[in-house]
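Chain B is fixed; fit chain F onto it per the hints.
For the record, the sequence lines run as chains B and F.
All residue numbers for the first sequence refer to the numbering used here, where the first residue is 2 and numbers rise by one.
All residue numbers for the second sequence refer to the numbering used here, where the first residue is 379 and numbers rise by one.
What the hints contain is simulated information worked out from the structure, not anything from laboratory work.
We treat Cβ as the ideally placed atom computed from N, Cα and C, and that holds for glycine.
Treat the hints with care, since some could be wrong.
[To be verified] One-sided excerpt, in silico: chain B residues whose CB lies under 8 Å from chain F: (1) Gln-174; (2) Tyr-222; (3) Ile-225; (4) Leu-248; (5) Val-260; (6) Arg-263; (7) Arg-307.
[As the list claims (entries may be wrong)] Chain B stretches covered by chain F per the calculated footprint, using a threshold of three residues with CB under 8 Å from any CB of chain F: (8) 52-59; (9) 158-167; (10) 180-192; (11) 202-209; (12) 228-242.
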Amino acid sequence: MASTTTLEFEKPIVELESKIEEMKALADTLDIQPQIDDLERQIEILRSEIYRNLTRWQRVQIARHPDRPYTLDYITHCFTDFIELHGDRAYRDDPAIVAGLATLNGRHVMVVGHQKGRDTKSNLYRNFGMPNPEGYRKAYRLFETAEKFGLPVICLLDTPGAFPGLEAEERGQAEAIARNLKLMSQLKTPIVIVVIGEGASGGALGIGIGNRVLMLENAWYSVIAPESCSSILWRSWDYKEQAAEALRLGATDLIKVKVIDRIVPEPVGGAHRDPVAMFQTMVETLTEELDALCKLSGETLVKERRAKFYDMGVWTEA
Amino acid sequence: MAWFLRKNRNITTEQQLREMPDGLWTKCPECATIIYRKELEENAYTCPKCDSHFRIGSSKYVDVLIDHGTWVETDRQVRSADPLEFIDTRPYKARLKEAYSRTDLPDAVTTGTGAVHGVPIAFGCMNFGFIGGSMGSVVGEKFVRAGRRALDQKMPFVFISASGGARMQEAALSLMQMAKTSAFLSELGEAGLPYISILTDPTTGGVSASYAMLGDVIIAEPKALIGFAGPRVIEQTIRRKLPEGFQRSEFLLEHGFVDLVTHRKELKKQIATLLTHLMSGKS
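Next comes chain B alone, as it looks inside the complex (with noise of 0.2 Å):
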């Protein structure tokens, strides 16, 4: 897929795709397919250098990635006939986060995800994905409706944070947040987690609790942003690689402490490259998540997701 948008990193890869374009431009008067096929070779080699090797910032970057497939294009591409639910039933509808009914291969559910916008009329409505009080709490109206009606639910993770506002704050961003996590520890319906880009902090969190907490394989999730973190610790904006280092972010990292339970794998280069194959593996993913979980039985459901965030942390007893 052409991309508008070029990582520092994907530079190379760039060059070398434009000089084939130019070469096939020129292959119809002149024999140059060897030459052509040579590069093509050396372009493979290379992404799969690139990409292996990436750093945890790099990786930030891609799930940062504005052509990266967001919560809507998953709902479109994966499920179908979706219908959006809107509104806490309190105060207002939140299009940072996007909730409602879809199928997912036959299997009826209840999706929510965080919601970016793609350009700056888009961000401005979704407020760059930083949901509003009201947002969790629509999320919390519909964890019970899926509960009510025995539907899976499915959450797809995707936010620079909850957002840091006045009105956030008067309408209680704390407290919206807190109930969710703690509804989601009784809700006696399958939950499934997909963290699909950015998992920051409490603002992922507040829709982030599940039997199954899967991430994507570019995405990163953490308890604060790299820059953030940056600011704070080394009290300047320019540590955020070195942050991003330290963090242990990335998607490896963090099944080695138990955080999340599988990675689901992109596309060579990151979801945005091949977002037709990303959809497919995300319909497959989590079709057999669903199929394992939807055998229990809601007691064990709630038990089992439980035991598992009971399990987290590491300390030590002397």
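Quick look at chain F alone, frame taken from chain B:
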């Protein structure tokens, strides 16, 4: 925790100044009144003149709230590990070592059991003086263990929060303590046991967005800073000064997010009365 910018996080000098000194005479940081230690103790570490509430740690809260001779500390041996081998400008291990020697505390929380006017409770109290009261794996684990004691012995659970939020040096593991503690409170709630959450200055970030805001009854001490994002972060977001009293206890009471704002001198009696009401159906 404050999610975007909180520059003061590791300035220990400020914390040291604001903590209760152990001298015979103390100067109130608000109104500069000189207070004799005995008088301060009798006043539950609040200023007799201006009612300013001093930041105190768990041992003083035990003195204020728990019946004499009933306190038994638990799980002191649970200590922070450094699972991510976190290093910023200093290694996490060095920060921990310094915090142990400076405070003589086991971590940012102390837990145990005791009685409040004869009502047995499981109790936990955070220590802001220990790395800003930050919540890492130890805080989460001890919260759940203390709460489980309440569950096993059918007692109420009372917990005092004082925290800047999740501990950055344990990264995602700190974040997951929000989930762990909240999951436990759903279990405690099903057993019908009361959980009283007391918010003191400051209660922000991941602590406020989990167990602190989940009390059956939530009590705040006067003028405590309580919120999700820190004031500086919000000012940067909205690019203007915050109004006076924003995110203070009285503001939260007005907006419906705490049940009561209670002077520290009245706290013990109020907790006892609340628990008597809430536990009345159990006997």
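Against the structure, the hints come out as follows:
no. : hint    : result
1   : Gln-174 : holds, 4 Å
2   : Tyr-222 : holds, 6 Å
3   : Ile-225 : holds, 6 Å
4   : Leu-248 : holds, 4 Å
5   : Val-260 : holds, 5 Å
6   : Arg-263 : violated, 15 Å
7   : Arg-307 : holds, 5 Å
8   : 52-59   : violated (count 0)
9   : 158-167 : holds (count 6)
10  : 180-192 : holds (count 6)
11  : 202-209 : holds (count 6)
12  : 228-242 : holds (count 8)
In this structure, the hints that do not hold are numbers 6, 8, in rising order.
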